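The lines below spell out each chain.
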Amino acid sequence: MNAANAYAYFPGCSLHGTACDYGQSTEQMCERLDIELLELEDWNCCGSSPAHMVNPWLALGLVGRNLRLAGQTGLDTVVLPCAACYARFKETQHALKDPETAARIEYVAGGAVPSDLKIEPLLGVLGKPEIRVKLHDYQQRSLDGLKLAPYYGCLLTRPSEVAQFDDPEDPQSLDELLKALGAEVVSWPGKVSCCGASLPISRPELVWRMSGQLLAWAAEAGADAIVTACPMCHSNLDTRQGQIRRAGLGDYHLPIFYFTQVVGYALGLDESQLGIGRHLTNAKGLLGRRRPVVTQAG
Amino acid sequence: MRSSQRAAQSVAALDLSLPQEPDLLEYIERTTGENVRNCYQCGKCAAGCPLSAAMDLQPQQILRALQLGQTDLIFASDTLWLCVSCQTCVTRCPCEVDLPRVMDALRSWAIVHHHAAAQREVVAFQRTFIKSIELTGRVYEVGLIGGYNVTSGHLFSSFDLAAPMVLKGKIKPLPRRVKAMDEVAGIFRRAQEVQQREARSGRAQEEKGGSH
Amino acid sequence: MARIGVFVCHCGSNIAANVDCAAVAAAANQMPGVVYATDYKYMCSEPGQKLIQDTIREHRLDRVVVASCSPRMHEPTFRRAVAAAGVNPYQMEMANLREHCSWVHNDRPLATAKAIEIVGMLVAKVGRDEALRPGRAELTKRLLVIGGGIAGIQAALDVANAGYQVTLVERTPTIGGKMAMLDKTFPTLDCSACILTPLMVDVAQHPNIELRSYSEVEQVQGFVGNFKVTIRQKARYVNHATCTGCGTCWGKCPEKAIPSEFDQGLGKRTSIYIPFPQAIPNKPVIDPDHCRYLGYRSAYEEQVASLGLTGEEAAKYKPVGPDGKKMPPCQICQKMCPTGAIDWTQKDELIEQEFGAIIVANGFDLFMLDGSHEAETGQPVHPYYGEYGYGKYPDVITALQLERLMNASGPTGGEIIRPSDGKHPHSVVFIACVGSRDDKVGRPYCSRICCMYTAKQAIMLKEHAPETDAYVFYMDVRAGGRSYDEFVRRAQEVYGTHYLRGRVSRIYRKGDRYVVMGYDANIGRSVSVETDLVVLANGATSARGSVDLMQTLGISYDQYGFINEAHVKLRPVETNTAGIYLAGCSAGPKDIPDTVAQASAAAAKVCGLFARPYIETEPTVAEVDQRKCVSCHLCEEVCPYSAVTFVTLRDGRLAAQINPAVCKGCGLCVSGCRGRAIFLHGFSDQQLLAEVDSLLAPPLTLRLPELVPVD
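For the record, the sequence lines run as chains A, X and Z. Note that this note's numbering numbers the first sequence so that position 140 is 1529, with each residue one more than the last. Note that this note's numbering numbers the second sequence so that position 4 is 1309, with each residue one more than the last. Note that this note's numbering numbers the third sequence so that position 368 is 349, with each residue one more than the last.
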């Protein structure tokens, strides 16, 4: 095991379920980049939004158990592809700073909870200089000519005191990643606007409006596709374009990618390996259109 | 309260000399560390809230209701349940009030003190989600949708997406369970205990001989 | 034997609420040396002071203890009062029963017992007070005004007109300050330049005013009446004595694209320039950071040195710029100047002058959204209000930038146009409180002038183009001056400006327009406005470099860099340092009427100071007993005021000598002196030990049953 690039991996519930394309592309991409992901043994759901909304202690306890599991791996960093899981882990770690709260969290979690682990979003790992070097060296396909709208969603960068990742108003990490791959990143107003989050089941019309606005903005900006870093955002934007159309809020047919799919494609993986065929809004062939195959550098 | 009583009360001016639920403010300050009086009602949160147009009470009006001791307004409104915790408000608030945290605390209070939720579908979804975790340790999406449909009474919600999702392999037929479910059960039990204790340990409660 | 009188003040209820003043007076009557003790409601009032004076005469008192507030409050008052009745003012002591007792305790019996102890200490001390006389020092009747904005200009003119000499130091090339950048002023809509430039010309032409523009105060030493100031005259590279201000040079300068500071970055200037056409002095300076020849010259010197060239080689060498190309030696201004006024040999000059008083009028700057203000104070740089897009969107501008656009001598000749495409906006949104009333950016205070100038700008906008839509997003409207509120109402009622009570959450681009997402509390809904131009009312902050200037002057300032007044209510134009006064926005944001009022007030204070034949210096200063001094120099090392020198005595020994005019009586040398050779007049060892002894003496519990016995 290459210790330098080994991470404790927390996939989150959706990556094994409705976001299995994210899970698939994450694993494939990381393999190509020599990033070793060691999935936590017997992890439980982080609670996502519903847990903290109904009982903050439940949320802290659920993550507390996962942190304990992570601590037991001996690795110093946990990497999370899902933005909501990332936010919950960071929130818990932030709460652990107060000794009284930490004691209560440990009580609820049923045991000691380590407070010194590094918690990184998968997008952040791709920003590391040594990974960028690999990306450059292993890139097989250029994304030249592809216009992409980078969509960060809410929870990766906010609140900035807790999330400690990129700028909350105009983050650049995904922009830079896509530019490094040769894509054209469009400037659009929806970068950090909310997609509707956990409301699609209970209040779908609100999500149609919010996600519909994002699709409208991306289309106005001339984007070929939106690239996202959160399975909830992907779900709202990808699976509900039909509902949005029927609600009279626009006919978009705009492909929605996970950044891992875009990066994986640039690294030479094919669409089936990246789960692109699983999208409800057809995204097949877009990444391949007009993309010349470049010979590997060195 | 009889509906006629409620109807009669709703056309009276807010009586500020009778603050409602005096323990609630103390509970908020104790559990969140936020002083709701810091909010000077500038409305920047409402201006940026993606759900504000759907809310009857605007985000800063929740704090105003707390400041005025008019908590009935809060629990009768759907604002608490429409808030998705997108964190836009706290990111821009000039007074640095952590409104999402206050919202969480208010929701906890509502649950412990059985205030009927104005947005029952939203609460139904949240409860179903949590139930799924309680049963299997992870969220099992078929159970989630099914459970929601039953709980909310919207038996055919998400029906149009069911078939395509199954075809794309996105719905797993069987749940994956956490092995150490006893640990998960313990977390649920102790979390509820702490929540109940916290929301019932105010000064008024103590005077009444309330539980600790 | 001393005859001590003790006067216990109630201070209304300030002291009497927690201290039984009658009991304190009764206890004082029993203290050794006290021949009379009484209490009264307001000792500092006329009847109170008369009571003291009458008592002094009637009971032949020669020492007085006033048990009342802090000496910082009324020591001068009571000193004058006893002096008028013939008691030496330095044989009056104040026992602080307010700040040290009643204001910090609320247990009445204990507080009363403590009060009695405090009075006992001062009674013990005052018996050992020596009669002191204030010293006298010469007074230089020359004023230094720091800052050439409207505050500095007004103060300088007032003092000069009173017949005294004034030096006005301004760090930019011209006087006029922020007021010169304004188009119109509220609420009269006077043209700013029209009312300001005549005053600027008066300053330039006044026989009693020496104008030092493009200069900064580098060092200040001394004390009231006797300040020694070092002023740095920055090199202009233009000889103002021979220059006529004809303007040929800046017309021909090839560096034409430097963002103009005066036009807030919206216009351009040349590297030899005057900031605006009515600048005073009306003669240019050369900006060394952008001048081609000066860049050539310093590159030449650097490269010749690093290449080790000498003689012929050095003479022929042509320096190379960062782009690898040969640099042009330019000097066009010198070639074109008809009077040969360009002087490349100029260097910064340090000038030493003496002044009797200083007025600090260094003005204000505006909140910088790029966080660069913080960079100066060493805090992390962090751009603010990213959600407003300032810096990213060219049509999101500051209020001062709009002012320059509106001004006929501005970069667009008075046309209000969008910086992005030069088109007239059909809709403008104003946002108030940017960098004000905002804890998040560390500026919780109200900037005071923005509500008014925003209304002014909305009115001016409508005057320029009546069909333009104007929206103002505000939190509260602060319009407290004469006809101010009526002015803001006019902007709404007559000119149709929409006022929306709520902050703006964010601005984003839609095509070539912008969408502003805000809130209106009065209708209770979030609102959005599609607009062409957004104007941010960014708040006033202290001027750049304020903290350094305050440190140089040794005056007190707050966490925002604004000067602290000696007393917020009653001494608004003085600092805690005698002889240094303040005026204008250097002590907090304010409008022009208040600024001018303060400037004249400070000038009046200076004239009051200069009308005296000499300065009185406090006699409570340190003195060296030269018989005991071993000349170890410790006192010199610790003295913060450089008051110590060394002299040779008649027997050839060296001994320390303290200048009583400079010494402030801080006592560092007294406690530091290894040989106990220094004593502080008014605070001798004997006096202080007497106070301690009094505390350790058995407490007075006799005949006063309401007192609590102390353990």
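Errors might be hidden in some of the hints.
To be verified - Result set (DSS-like, lysine-lysine): computed pairs, CA atoms no more than 30 Å apart in a straight line:
hint: 1; chain 1: Z; residue 1: K421; chain 2: A; residue 2: K1486
hint: 2; chain 1: Z; residue 1: K165; chain 2: Z; residue 2: K404
hint: 3; chain 1: Z; residue 1: K165; chain 2: A; residue 2: K1568
hint: 4; chain 1: Z; residue 1: K299; chain 2: Z; residue 2: K165
hint: 5; chain 1: A; residue 1: K1673; chain 2: X; residue 2: K1436
hint: 6; chain 1: A; residue 1: K1673; chain 2: X; residue 2: K1473
These aren't lab readings, by the way, just hints derived from the structure by calculation. Predicted, not measured: the structure shown is a model, and the values here were computed from it.
Now the hints, each set against the structure:
A distance of roughly 22 Å separates the Cα atoms of Z:K421 and A:K1486; the hinted pair therefore holds under the 30 Å criterion. Under the criterion of a C-alpha separation no larger than 30 Å, the hint pairing Z:K165 with Z:K404 is consistent with the structure, at around 23 Å. A hinted pair counts as satisfied when its Cα atoms are at most 30 Å apart, and Z:K165 with A:K1568 does not qualify at roughly 48 Å. The straight-line distance between the Cα atoms of Z:K299 and Z:K165 is roughly 50 Å, outside the 30 Å bound, and the hint therefore fails.
For the proposed pair A:K1673 and X:K1436, the alpha carbon gap of about 36 Å is over 30 Å, so the pair is violated. About 13 Å separates the Cα atoms of A:K1673 and X:K1473, which keeps this hinted pair within 30 Å; it holds.
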